[in-house]
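Q: Sequence:
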Amino acid sequence: MSLPWLSQPVMLHSSRDAGTCSMTPEQCAVKTGYWVFWYEADHRYGLPTVAFFVTATILVSLGSFATAYAPASLRCKPLWLRLLSLGRLLTYKVWRIGCWNSQSLATYMLGMVGAIFFLAMTLGPQPYYWPNTREISFGNSPPIATRAGYMALACMPILFVLGAKANPVSALTGISHEKLNIWHNWVAWAMFVLALVHTFPFIVFHIWKGDIVMQWNDGGTWVTGVIAILAQAWLTIMSIRWIRDRYYEFFKATHLVAAGVFFVFFFLHCNFRLSSWDYFIATAVVYSLCFFYTQFKTFVEHGVSRARLSLITPHCLMIVIETNARWTPGQHVYLRFLTGGIHLLTSHPFTICSVPRRGTKSEMIFYVQPRGGVTSRLAKIAEKSPKVSVPVLLDGPYGGVTSRWFSGFDQTLVIAGGAGAGFSLPIIQHFLQSGHAKKTGSEMKVVVATRDSEFREWYCQALESMVARQKDVNHTKSPSVSVYFHETGFSVANRSSMDSGTPKQGGLKEITKESGVKAMSDSIAASGSVRLRKTIGRPDILSLARHITEKEGTAGMLACGPASMIFDVSHVATEAQKSILAGRSSAKEVWFHKESFSKWALERRSQCKMVDASTQTVRKGTIITRKTSAGSTQGTAAAGNFKDQLTAFEGSFVDPLKDSGYHSLSVDGDHDERKQEATSNSDEILKTNCYSPEADLAGVGYHVNQGLGSKISDIDLNSYDNAWEEFVDYGSSDA
1 MSLPWLSQPV
11 MLHSSRDAGT
21 CSMTPEQCAV
31 KTGYWVFWYE
41 ADHRYGLPTV
51 AFFVTATILV
61 SLGSFATAYA
71 PASLRCKPLW
81 LRLLSLGRLL
91 TYKVWRIGCW
101 NSQSLATYML
111 GMVGAIFFLA
121 MTLGPQPYYW
131 PNTREISFGN
141 SPPIATRAGY
151 MALACMPILF
161 VLGAKANPVS
171 ALTGISHEKL
181 NIWHNWVAWA
191 MFVLALVHTF
201 PFIVFHIWKG
211 DIVMQWNDGG
221 TWVTGVIAIL
231 AQAWLTIMSI
241 RWIRDRYYEF
251 FKATHLVAAG
261 VFFVFFFLHC
271 NFRLSSWDYF
281 IATAVVYSLC
291 FFYTQFKTFV
301 EHGVSRARLS
311 LITPHCLMIV
321 IETNARWTPG
331 QHVYLRFLTG
341 GIHLLTSHPF
351 TICSVPRRGT
361 KSEMIFYVQP
371 RGGVTSRLAK
381 IAEKSPKVSV
391 PVLLDGPYGG
401 VTSRWFSGFD
411 QTLVIAGGAG
421 AGFSLPIIQH
431 FLQSGHAKKT
441 GSEMKVVVAT
451 RDSEFREWYC
461 QALESMVARQ
471 KDVNHTKSPS
481 VSVYFHETGF
491 SVANRSSMDS
501 GTPKQGGLKE
511 ITKESGVKAM
521 SDSIAASGSV
531 RLRKTIGRPD
541 ILSLARHITE
551 KEGTAGMLAC
561 GPASMIFDVS
571 HVATEAQKSI
581 LAGRSSAKEV
591 WFHKESFSKW
601 ALERRSQCKM
611 VDASTQTVRK
621 GTIITRKTSA
631 GSTQGTAAAG
641 NFKDQLTAFE
651 GSFVDPLKDS
661 GYHSLSVDGD
671 HDERKQEATS
681 NSDEILKTNC
691 YSPEADLAGV
701 GYHVNQGLGS
711 KISDIDLNSY
721 DNAWEEFVDY
731 GSSDA
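If you count the sequence shown from 1, position 141 lands on 141 in the UniProt record's numbering, and the numbers rise without skipping.
Do not rely on the hints blindly, as some may be mistaken.
[What the hints assert, rightly or not] BS3-like, lysine-lysine: derived pairs with alpha carbons at most 25 angstroms apart:
hint	residue 1	residue 2
1	165	297
2	165	77
3	179	77
4	77	578
Just so you know, the hints here were simulated from the structure itself, not pulled from any lab data.
Just so you know, these numbers come straight off a predicted model, no measurement behind them.
Whole structure, please, built from the sequences with the hints as guidance.
A: Shown next as structure tokens:
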């Protein structure tokens, strides 16, 4: 039985016999030239492309290996420290573009090398088209199309490998899969562009030849090629960041299906020409090994575990899983909860907020803020049955801090914004457990910023529980860890009475009062190893980071939060490397590790509009604030029944209500309390349904601010939470 669209008989490789050339010697020489000979095109272009990717992987692996395993005698040498700073300068340097952080300078440099390689290989050799005439034919495959096709084919194995969570590139380079995702994306674009360069010369040639309709009607190569490139276009375009974030659930559901369609029809399109099917075999084998490795770890090593669920505050879910698995600080796992429903088919990443115990079963602890989807379902289960356990499958762990962290630093600074608070917990716990806290002069400062006071409640509980387990810590009068908790905005302590969709646990211990949190703070302080301090207002991240990099010795900085926060710390780390290279720095070494949020299933981004006051209202004097480029806040005192729209996108603020009784209020930090009263005396004030996901998590950006004596009531904060069906980040906690 013959397979459709395949030449018969089906073989693994087609023949390389070019036959006898019947043209003139000069014409034959052109046809069989090194860079244009069709029967060797896979060797001339496919293999060098594979060699390029392998070489890049080996070089990065060697750099990672040298950094991790350099002998102690070498690490103290000034030359080594400067070489290390040069490498870090390239990897830490990023740019702020609008509301996004760019990739690192090193990433762009390697990407530029790749672009030069592909451009040179595609556009360098001549001719692009055969000098065919109506009487003489050098071939039916334009040289530029042939070479582009084989280079695109050679991109496929590395493309699939980079899409796997457990892959050999991560194993060799030490770079976790989520950080390799940018290369998965860029290789996909390179392959797509090469596929287009492969396609259009054939269209041009067959239009010139006059047989393009006949070629299409014959099926085979043209039909399979069109289907493959359409599937590839879907995969590539849907992976554009803003499209993927906006339609993530749809993207996630269709990505694997489209990838399967692409793989099958691309396989049929290649039709065992030369060694083309070897690339499919290599792709299938390596990707299958990656896939079955993760499945083995999930089902055999981890097995089906039990996850204990408990609501430690009305809006914070704690998940505890007992396991024999080992992990390092900052790592995350993918959890698939076997609770029925559609979520049975999906897994989501959560950062582990604990470290493993030695020689015994350990508890993986996660702090999750339910925001719809599976986390909301789990919160409802925990509400109905406190301390309930549900079956769960674990995939991982992945990511985490690099090996340099485990050697310790003289000064350590951890900065976490909003949801990144959970990331700081295992960092603190490992610092205390590892003995770094006992070293003379070694200290850690942890800065946590959030606009939600409820974060402090569960965070204090987590710290208290952690400190209680640290029985081997050397108690000193001077605490080795100082935690500064910054509350930057409107408290949501009353959310339980406003949000009808939020679960309420009847037996939940009340800790929202200041006395409850103070009691926990006193308990933590009594340990002698951790000092907890609350501060109102935003932290000065730049000053904090600069302060630690200006001290003598070694400094380590870790940041987990929104892009703006990551950029500030990255900027200071970059400047510190420049100072070390110039010999102006007191610090011998400055190390930086970052974890950024990854938002998905976003239903609407940074969009706010005025809605009917009959359903959602705020009282007169409520202030709508935003952070300006100078770091201050600006706001508007709302009064009157306005039905106009107020739109904000990622840091810009458009106000069409200039002459409608809308008066401005300026607040400069915590000092300037100038206020202009709204002209209207109406008590019916419109509420702004305004949400900026990234900024809100760090306590900056658009939010309703209770300040300057204004009274807020009847605020339906569920409208904020519904801006996301679900929030997940790679390398930072959901909570």
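Q: With reference to the structure, classify each hint as holding or not holding.
A: Against the structure, the hints come out as follows:
The straight-line distance between the Cα atoms of residue 165 and residue 297 is roughly 12 angstroms, inside the 25 angstroms bound, and the hint therefore holds. Note on residue 165 and residue 77: the hinted pairing is violated, with a Cα-Cα distance of about 37 angstroms set against a maximum of 25 angstroms. Annotation: proposed proximity of residue 179 to residue 77 is violated, straight-line Cα distance about 30 angstroms (limit 25 angstroms). Distance check on the hinted pair: residue 77 and residue 578 sit about 18 angstroms apart at the alpha-carbon level, within 25 angstroms; holds.
In this structure, the earlier hints numbered 2 and 3 are contradicted, and the remaining ones agree with it.
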